[in-house]
Amino acid sequence: DAGVIQSPRHEVTEMGQEVTLRCKPISGHNSLFWYRQTMMRGLELLIYFNNNVPIDDSGMPEDRFSAKMPNASFSTLKIQPSEPRDSAVYFCASSLVEGNSPLHFGNGTRLTVT
Amino acid sequence: RKEVEQDPGPFNVPEGATVAFNCTYSNSASQSFFWYRQDCRKEPKLLMSVYSSGNEDGRFTAQLNRASQYISLLIRDSKLSDSATYLCVSSTGTASKLTFGTGTRLQVTL
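Quick mapping for you: the protein sequence lines, in order, are chains A and B. Here the first sequence stands for residues 189 to 302, where the numbers follow our numbering. Here the second sequence stands for residues 67 to 176, where the numbers follow our numbering.
No wet-lab data here; the hints were simulated from the structure. Worth double-checking, as some hints may not be accurate.
Partner residues are not named here, just some residues of chain B that face chain A (Cβ under 7 angstroms, in silico) [unchecked claim]:
1. 110
2. 148
3. 166
4. 168
5. 176
Mimicking DSSO-like on lysine-lysine, the simulated pairs with C-alpha atoms at most 30 angstroms apart in a straight line are [said to hold, decoys possible]:
6. A/266 <-> B/111
7. A/266 <-> B/163
8. B/111 <-> A/256
9. B/145 <-> A/266
10. A/212 <-> A/256
11. B/163 <-> A/256
Cβ pair distances, simulated, as ranges [claimed, not checked]:
12. A/190 <-> B/135: 13 to 21 angstroms
13. A/205 <-> B/119: 48 to 56 angstroms
14. A/275 <-> B/119: 39 to 47 angstroms
15. B/81 <-> A/204: 48 to 56 angstroms
16. A/195 <-> B/143: 37 to 45 angstroms
17. B/73 <-> A/195: 41 to 49 angstroms
18. B/97 <-> A/241: 20 to 28 angstroms
19. A/256 <-> B/147: 34 to 42 angstroms
20. B/81 <-> A/241: 21 to 29 angstroms
All C-beta atoms, glycine included, are put in the ideal place defined by N, C-alpha and C.
Make the full structure from the sequences, and use the hints.
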């Protein structure tokens, strides 16, 4: 039973480069979330999709960040241009939209921008 | 002030000890509460939901105090494998409204 699949697991890039993170949610889940985790700020919600439609992107830090969900089985989070302060672990999670359905997280992408 | 606040710890306890974590939330509209567990360099995983009447799952007991706006997690007979960071989570509705605390780190030692 495949869980949420993220790629790459690790990404090291230089400041100014474009970074694309990928996520495949659990089949049948209709909600998808992108989170960022740092030691100082913990887990922060960046954007949330419901049935492939972005519902809340108020957590996206700035215009350098963009996210897409072209179909129910794939989403991307893009940072262009990347900056050192973007270094963090980025988690994708999926769930059913109803009530108290738990979030299922992917393994995360550890991003380092030098 | 953070919406969900936790003592970051670390809590260092010997194997077999009982340990309790508290968490406070500031949004009175919060309806649902959860504890997630996160191992080092791993993703968070749901440990248990927290119900108004309190609930127990084996060695783990969760309590909710709406009047004081705090949630607690009690771990009895702690094991080495309980070593992890425990994230307190509140929600005002659906999964999209989850707010995570920064976590409390537990280290269980021999």
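Assess, step by step, whether the Cα of residue 212 of chain A is no farther than 30 angstroms from the Cα of residue 256 of chain A, and give holds or violated.
-> holds, 12 angstroms
At the C-beta level, are residue 190 of chain A and residue 135 of chain B separated by a distance inside 13 to 21 angstroms?
-> Taking Cβ atoms as reference, residue 190 of chain A and residue 135 of chain B lie about 38 angstroms apart, which means the hint is violated.
Compare the distance between the alpha carbons of residue 111 of chain B and residue 256 of chain A with 30 angstroms, and conclude whether the hinted pair is satisfied.
-> holds, 25 angstroms
Is the gap between the beta carbons of residue 275 of chain A and residue 119 of chain B within 39 to 47 angstroms?
-> The hinted range 39 to 47 angstroms holds for residue 275 of chain A and residue 119 of chain B, with Cβ atoms some 43 angstroms apart.
Is it true that the CA of residue 163 of chain B sits at most 30 angstroms from the CA of residue 256 of chain A?
-> Holds - the C-alpha atoms of residue 256 of chain A and residue 163 of chain B are around 20 angstroms apart, at most 30 angstroms.
Consistency of beta-carbon spacing, residue 119 of chain B to residue 205 of chain A, with hint 48 to 56 angstroms = At 52 angstroms between Cβs, range holds.
Status of the residue 166 of chain B interface restraint (C-beta, 7 angstroms, chain A) | holds, 4 angstroms
With a cut-off of 7 angstroms, does the beta carbon of residue 110 of chain B approach a beta carbon of chain A closely enough for the hint to hold?
-> holds, 5 angstroms
Regarding residue 73 of chain B and residue 195 of chain A, is the given constraint of 41 to 49 angstroms on their beta-carbon distance met?
-> Check failed, 35 angstroms falls outside 41 to 49 angstroms.
Kindly confirm whether 48 to 56 angstroms is satisfied by the beta carbon distance between residue 81 of chain B and residue 204 of chain A.
-> At roughly 49 angstroms between Cβ atoms, residue 204 of chain A and residue 81 of chain B fall inside 48 to 56 angstroms, so the hint holds.
Do residue 195 of chain A and residue 143 of chain B keep their Cβ atoms within the hinted range of 37 to 45 angstroms?
-> Holds, at about 39 angstroms.
Straight-line alpha-carbon gap residue 266 of chain A to residue 111 of chain B, limit 30 angstroms = holds, 25 angstroms
Hint compliance for this structure: hints 2, 5, 9, 12, 17, 20 are not met, and every other hint is.
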